[in-house]
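Peer 1: These are the residues of each chain, in order.
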Amino acid sequence: MEFALMVTVTGMVIVFSALVFVVFVMFIMGKLPLDGRKKPEAPSKVPEKSIESAKFAGLPVKEYDADENELAAVIVAAVYACGGENVKVTGVKPASPLPRSPVNVWAAAGIFENTRPFSI
Amino acid sequence: MGLFRDFWDTIVGVLSQSGFSQLFGNFSDGGWKNLLMLGISFVLIYLAIGKGFEPLLLLPIAFGMLLTNLPGANMFHPDLFTGDPKEISYSAVLHEGGLLDVLYLGVKLGIYPCLIFLGIGAMTDFGPLIANPKSFLLGAAAQFGIFATVIGAMAINYLHIPGLSFMAAQACGIGIIGGADGPTAIWLNLKIAPEQLGQVAVAAYSYMALVPIIQPPIMRLLTTKKERAVVMEQLRPVSKKAKILFPIIVTTIVALLLPSAAQLVGCLMFGNLCRECGMVDRLAKTMENELVNIVTIFLGLTVGATTSGPAFINLRTIAIIVLGLAAFSCGTTAGVLFGKLMYLITGGKINPLIGSAGVSAVPMAARVSQKVGQEENPGNFLLMHAMGPNVAGVIGSAVAAGVLLVVCGG
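Chains as they are written, first to last, in this note's numbering: chain A, 1 to 120; chain B, 1 to 410.
One chain only, chain B, in its complex shape:
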């Protein structure tokens, strides 16, 4: 009898410490938030695997979200990272933290965004942009979404909703979602608004994955069939020398004009220079493959791990997600409208659809321009023309982040 009692007590003890007990035992006390986030992670995993929505980004984020919302697993300890990166107790992270805590240091210290930009630079061919420098203007125009969202976030303060107000730095940190650039959004927020880093990162990467859904309706709404069917002239060939000089010139000009943007633009252009010079192929291949893959795994998992239910599900998160959608939409709208302006100025030589590629979700936004253009004219090949504004948008969003950093005193 005593043996049976001990056995029963052990079973009850194990079950009471199980995740099920913590999930449903505290259901009304916050457990429902973990359950909701688990459900959201399942949906994101389905979108990544079943629908193929940017799986390289979405799958690590979704799985990190799954891991962190398993009660009792203690995979991630957000209390180790509250506040300014300068105040982190690194010995506490190393002694008390787990794998995800150590990996999260790369996010908190701003290392991962710069490394990812190295890889993006090594992957990117700036030829279409050099061949048609007017694309820079489309890339610049699409960054209006960032600043329009700053206005929107500050305007929410006037609604006087309890528990929902954004300081200037937080509004700027939300606005950068409109740049459609995950590394830039993380880099800026950890410098000016680290308390909302997880929410902004999840919003930014999720919307980057949803570009094929968000952009086409806006593009069709703002353009006519005639405009969408415009076939653009073939781009001029670009010499090797020009492709080598381009990253050096852009780094010098942008860093001198805006030193705060030098980190991101410098890494982007260094990666590109390694690719184009042809003298360091091994380095370029490593940046393009192993480096960016490893950092993407670490970044995605740890960003997802910041989305624990109690910290994530609140009014601020919902506001950030809504504002993020507005930022994306405004950026796409501004890019397409500027494209229409260029269509008028050039006498119909520029297809306005390539303006939507100014949001820097490379190369998805360019593919979307190609796809929507081909719906009107199956023989229209807009991809290379859209890659110009697309990669210009990467530079533009980095410059915009530098501006916001200066303005917010980061």
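Next comes chain A alone, as it looks inside the complex:
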């Protein structure tokens, strides 16, 4: 039994020591500018002139948040990249959760993407 206790104590100390040392090295790596990170810039706002111009032209304008404008632009660009000129985007709206599933579709897609190599 002394052997078992010795193995337990020794084993846990060595496993923790090895991994703590790796954690320390990872911590140092995290502080290094390995990805050329810069300070995040302040988010740019939609210039008010574009909204004013649209109102002057009599067009219906809903004052979207800057993030929604950018998100819509990204989604339209992605659809164009996949579907080409034959696809016309008529609207962008948030997706509802899958029927009978409380999981958000993006969350489900993330789960699938990250576990795909382990399943066939």
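Please keep in mind that the hints were generated in silico from the structure rather than gathered at the bench.
Keep in mind that a hint or two might mislead.
Unchecked claim - Listed next, the in silico PhoX-like pairs over lysine-lysine satisfying Cα-Cα at most 25 Å (straight line): (1) B:K134 / A:K31; (2) A:K31 / B:K371; (3) B:K134 / B:K226; (4) B:K240 / B:K340; (5) B:K241 / A:K31; (6) B:K108 / B:K191; (7) B:K225 / B:K340; (8) B:K108 / B:K225; (9) B:K134 / B:K33; (10) B:K108 / B:K240; (11) B:K285 / B:K134; (12) B:K108 / B:K226; (13) B:K371 / B:K240; (14) B:K226 / A:K31; (15) A:K31 / B:K108.
Given chain A, work out where chain B should sit, using these hints.
Peer 2: Structure of chain B alone, referenced to chain A:
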């Protein structure tokens, strides 16, 4: 009349040599053990196909079990492999053995576990672990199940049960089941306790397949609703350079600290480096797909083939299976309890459920953390946070195996 007699004698001769005759003719003499193992193989096949419990592992093992327990088929000859791998007569294996005997050489020589680790490394994204290095500690904590089982196996000796005692090396070989890592369990046992390789391998892979059943009750028992509902902060992005440096650094540090773990950790990290560097995509894809699939087929079939009834059904096997369950449970418990400690230390920022993913059943244990977390909070997305301890557990179990190998003098 003579023709009829010859015909009848031929039929009787064929039937007397059939598997049915050997199975039921020797029923009380060991035939019932083959029958029992056939039944177990049918159950495992059902679990793999019908219930989807890790079919990639369970189906080859179950079918190997089926093949080896068909009397008279002689698909596998365990007598060719008794004892130390250095004493195997390879010419006898090649001349007298069959397909499964030749394929089993990969297990006996420790080749398959390292090849599978190549594939696992190529499949694994260490990003969540690099982004949150604290996950390493959860991966380390979950390895307590290994060592607690060594204590349990040695404690059985004090019960003085006839025919049931474990030497130190055998106890360590059983304890590694708690690492929830099939290749590591096989690799360690063939070095320190080859006589129990089949039993440990079947126990290890079977429990890996049963993680979704074993872990959730323990996780719910040890955590409160408030703890299970904790939403963790989004992980920071990890640069490509960091992902490339990580396998090189881990291999160097771990191999220098514990050279006995270099085989497994080195293969794991080489596979990962091939994946992350982006310069050898063909190699990484091969490791991730063809290589690991081929080796999984060979390993599963041959490990299953070691489970013939007379060799498998005995008190030691039952003890190994019970201890294996204890190892898994202890590992899960230790991981969750350490997760609770980190929850307290960080002021509620870490969800204790991710601690259970420290057992290295990748990615099933992480999926279980995700599932249990979502039961409390449907919007909680714990998978990527749980992948950190999950892959840390692979490294931790390889380090633990290296420690046991050194201690047992392998």
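Peer 1: Check the hint pairing A:K31 with B:K108 against an upper bound of 25 Å on the C-alpha distance.
Peer 2: violated (45 Å)
Peer 1: Need the status of pair B:K285, B:K134: alpha-carbon distance at most 25 Å?
Peer 2: violated (30 Å)
Peer 1: Taken at face value, is the distance from the CA of B:K371 to the CA of A:K31 at most 25 Å?
Peer 2: Given pair A:K31, B:K371 is violated - Cα atoms ~33 Å apart, limit 25 Å.
Peer 1: Is it true that the CA of B:K240 sits at most 25 Å from the CA of B:K340?
Peer 2: violated (32 Å)
Peer 1: Checking one constraint from the list: CA of B:K225 to CA of B:K340, max 25 Å. Satisfied?
Peer 2: With a Cα-Cα distance of about 12 Å, the restraint between B:K225 and B:K340 holds, given a limit of 25 Å.
Peer 1: Taking only the CA atoms, is the gap from B:K371 to B:K240 under or equal to 25 Å?
Peer 2: Violated - the C-alpha atoms of B:K240 and B:K371 are around 30 Å apart, more than 25 Å.
Peer 1: Straight-line Cα separation of B:K108 and B:K191 no greater than 25 Å?
Peer 2: holds (9 Å)
Peer 1: Please work out if B:K134 and A:K31 have their alpha carbons no farther apart than 25 Å.
Peer 2: Since the Cα atoms of B:K134 and A:K31 sit roughly 15 Å apart, the hinted pair holds (cutoff 25 Å).
Peer 1: Take a quick look at whether B:K241 and A:K31 sit within 25 Å of each other, Cα to Cα.
Peer 2: Cα-Cα ~13 Å, so holds.
Peer 1: Within a Cα-Cα threshold of 25 Å, do B:K108 and B:K226 meet the stated pairing?
Peer 2: violated (48 Å)
Peer 1: For B:K108 and B:K240, compute the direct alpha-carbon distance and say whether it is at most 25 Å.
Peer 2: Between B:K108 and B:K240 the Cα gap is close to 38 Å, so the pair fails against 25 Å, i.e. violated.
Peer 1: Measure nothing beyond the straight line between the CA atoms of B:K226 and A:K31; if it is 25 Å or shorter, mark the hint as holding.
Peer 2: Violated, at about 33 Å.
Hint compliance for this structure: hints 2, 4, 8, 9, 10, 11, 12, 13, 14, 15 are not met, and every other hint is.
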